[in-house]
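A.B. asks: Each of the two chains sits in its own frame; use the hints to bring them together as a complex.
Taken in sequence, the protein lines are chains A and B.
Residues are numbered in my numbering as their position in the first sequence, beginning at 1, plus a constant of 4.
Residues are numbered in my numbering as their position in the second sequence, beginning at 1, plus a constant of 1.
If you're looking for bench data, these hints aren't it; they were derived computationally from the structure.
In this text the structure is predicted, and so the values were computed from the model without any measurement.
The hints are all genuine.
Listed next, the in silico DSSO-like pairs over lysine-lysine satisfying Cα-Cα at most 30 Å (straight line):
1) 11(B) with 125(A)
2) 11(B) with 117(A)
3) 117(A) with 390(B)
Estimated spans, in silico, between C-beta atoms of each pair:
4) 232(A) with 6(B): 49 to 59 Å
5) 234(A) with 14(B): 44 to 54 Å
6) 15(B) with 121(A): 18 to 28 Å
Note that CB positions come from ideal geometry on N, CA and C, so glycine has one too.
Next come the chains, spelled out residue by residue.
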Amino acid sequence: MLLKINKVSKHYKIGDNIIKALNNVDLNIEEGEFIAVMGPSGSGKSTFLQVVSMLAQPSSGQITLKGKDVTEYNEIERSKLRNQEIGFIFQQFNLLPRTSALDNVALPLLYAKVNIKEREKRSKEMLEKVGLGDRLNNTPAQLSGGQQQRVAIARALVNNPSIIFADEPAGNLDSKSGEEIKKILTKLNKEGKTIIMVTHEPDDASIAKRLVIFKDGEIVNDSKIKGQKQIEKNNKEVEDKN
Amino acid sequence: MRDTFIVAIKAILVNKVRSLLTMLGVIIGVGSVVLLTSIGTGLQAYVEEQFAALGTNTLYIVPGTPFSEGGGFGGQASVIEGTKPVLKKQYLREILRNNREVINDGLVMAVAINKAKYQNTEQKVSLLGTTSNFENIYSTKTNKGEWFSKIDNEKKSAVVVLGPTVAEEFFGNIDPIGKKIKIGSKSYRVVGVTEKKGGGFGGPSFDSYVYIPLETMYDDLDVQFIDNLTLKANEEVDIKVAIKAVEETLLKELDEDEFTVVDQTQILETITGILGMFTIGLGGISAISLVVGGIGIMNIMLVSVTERTREIGLRKALGATPNTILTQFLIEAALLSLIGGLIGLIIAYLGSLALQPYFPAKVTMNAVLMAFGVSTAVGLFFGAAPAKKAASLSPIEALRYE
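Okay, chain B solo, but in the shape it has when bound (with noise of 0.2 Å):
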């Protein structure tokens, strides 16, 4: 066996240039299978990355019904429910006064965008209105300064807390707490500046908002709208009995597709199910170029046994047997499909280094072990036909054959 594969290899090696176009095929399907399902994945990745930072065992009433029963987002009816203002301030009271074995805080969230002004810096901010225990619910602590208390909300003070993208945008390398900046018409003091955290799903990062106490936004700016609740919910209580809890608290005020009550996991279920299926789409088209890389193999393999029909008469004559030369033939086409896996693995691996800086890719050891095992059972299914044509060669044909 060993000596097979030493004859196969030197077979290989002795036509490098048509080997290396052999491979041509496999190269770019492995590489691209395992660069796209390594984009795909890293996304994944990322993804749940993000929800793990805020917790499992927070919950988000959201107008309208975003997740439609099989998954995915809802159709153009969500969209329009999604868009009314159903969600009142007091549910939240509400809420926690009927729930307290269950839910244990809750916040009210209302964003907003508006001009905003220091020196002669002056663009649009998003405004995410809110009360203090945003810093505890949505674990967001204060880099620089403090957050806003529930006095400053209460009293409508005028005080912002800054996300580090707007407070770099607007102060640079000047310390922002206790500066004034100025949002539509009136002057806010700065508090505090938070913590880096990225992430943010479906709308800006939560490092470029301005946070504000949500009274003083009510007042100041003219917002009734209320984008979500956000519940924190006990620790100890299984999460599906908490949104029970919460829905029927709600539905003696709303109708049953006026809200939804979602919590991480269905959001997280939702997303990794869409990009798990992309994954599998980008897989899919690029394994056809694997497949065409195959028949490649299967034809420069038939090509092969052609030619080289007198080297098979020969080694046929001086005593291998049929089995030994099919081996040959099968390890050859194994090998080449093998070789051009790995390649292709190096590049995808090279392409996803490069990637690094802008995209979460990722390429994970079932991409590598997929690489292997698809190329190899690709040079062995394709290469079967031209190592049985070579090991079925008469060795008296095959040595007169010119």
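With the rest of the complex left out, here is chain A (with noise of 0.2 Å):
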């Protein structure tokens, strides 16, 4: 078992008010699964996102990370556990602007120590492996939408992490280059790599193996994909259950 998450729940305060964002959510992921997040806004899927990738500490439950207890992880071991174990592609790509595609992809070997001369090896076999070998020294501001993407997935994969974190890849992407994004996540997928994903497009949603749909903190449906209309079909039956 690759993580393990057991009964895990997140409260937030907001004046009087507890808003359970997460409530008592379990799940179990193994190695090389590809799993699709979705669910209405407000479901409670993102904040499952931040909860497993070690960004945010769950009010309650237990997260076992590669049969290591994680939850109680201060914020310094959570820092090396993201370093070590997690890769982040977000929506808005998140590079650092006036740097280039090198300097980007090698920044969590930057926070991993790892030597200068190590660092741009390894960035530039990333920066090659997403077909962007010959833009190593350009700047996010002279890449296309879907270049910066495949910068933010080499980044996400330059320090060989256990797990890999997709917030709405594809969503601020035009269709062409959203193919291509994709089409690197099956490869990576097949390749062995664990990937989780949210979005909220069951186009996007059919190229994962596994369906986890939230409501209103609840996981509401873990089924296995068998393609789009299935996606659309088990989104649509959560809806109606109101």
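C.D. replies: Pasting the structure below:
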């Protein structure tokens, strides 16, 4: 078992109200899985992503990564854990402006205290892998949206993490660039990478193998993906339950 | 650490214009502190140099009490005392007779201003009436000719020795030795020209005096007033003991407040004390601009942290610990300030070079070290608040920030 999520809750206090963004969520993720996380806005899927990617600490419950209980890790330990075990792909790309593609990709290695020679070598390899071997020194402003997201994917991969979290990776892209990104993610999963992707597009979700649908902070559907039609059907069922 | 340094340098270089504007306060601050203190210390060094040339075993007896107790020059009373003709020639004889063990030699010095004329050149000159031992006591050698002799003084000979500046003014390229120069109504033969010395505290430079035998001066120019008695103390005797002995002799003739016996160190201490205060004052005023510069850095760093909230969030998400972020922003602030200090230092150094021909400005190692130390400290101090703010940002909030 790669990641075990056991009765995890995340509550926010706003004024006198307690908002249960996540409520007793259980989920087991095996190595090599490709999970699409779906759900209407406010369903808790973003909070779920934050908590399992170690960006936020759960209010209760237990998270076990590679057999280690990481629930109570402090900020420094979680920083290190994110650096070593988790790759992030954001909807907004989140590249450093006015910084070369190579330096952007090398960022996690910088915090992993890898020496500069090794950093450049590995970053170059990763950029070549996503098809940007000829764009090493371009800054984000000199790259298209699709290319920027590919730089971000290279960055997510460069420190060889156990899990990749992707938050609407194609959400900000035109359909052609989106397809390219999805192809890369599919390929990565085939090579054995574990990917957890938040999306609201059934089309995007169809590249994953497992579907998890959130509603009101709980998982209401957990099924194997058989095609886009089935994803749409499952989502509709969830909506219709109201 | 090295990598954090590089990250900070890159952040500074990405915003060149803004970085330069941020540094401006520190540039001006450090520049003015270093330049103004260099002027102060240069002045001090210059004064000390001038005094060192006179030797440390020289004593002066002056009328009145020009150096008051608390350091600094005396008040109105001393000015009045200073104009009274209290010093007399015979005091020198008495001092020399009564204090043979402590005082080796001494001379009387009287100063007057009179018109001098040689051919078509006519102008006012400062006359310094003294005896032939001036050559030794003030170690003023002649460059051309010779000093007037003891006999010249006794015989009231009409001879003068010129300072090099006066010689140049009246004679230009002509050799003045043997020429006659008219002072007042009489003509005097030039017997010597002194070598260039510069200096001359509290009056014209020694180079611009016309030296004349004291007795000749008294006779011809109707001078009664004695400006000071200069004594050469025995090198082996403590200067304070010599002062005490001379004072005891003089007190038989004069009241306590009618004269003062001073040595080089007292005069020097008074002057360097004043110059020291002057330097500190100037430095203090310009230090205010350094504080303003520091606030400028803090201001820009705070803006920068807000502007780069997303970047900070991203760095944290990718594994930067709060400490790494804190260090990054601290280094950035310190570097901004340090580079500003460096530029300020270069400007101050160039400024002091430009001043050199007119003023003895001197950039000391202390000023350089202080510039570096203070500017780094300013950066760290004023960078602390923005850096702390950056370090405490939550990665989720920061990533969501638009």
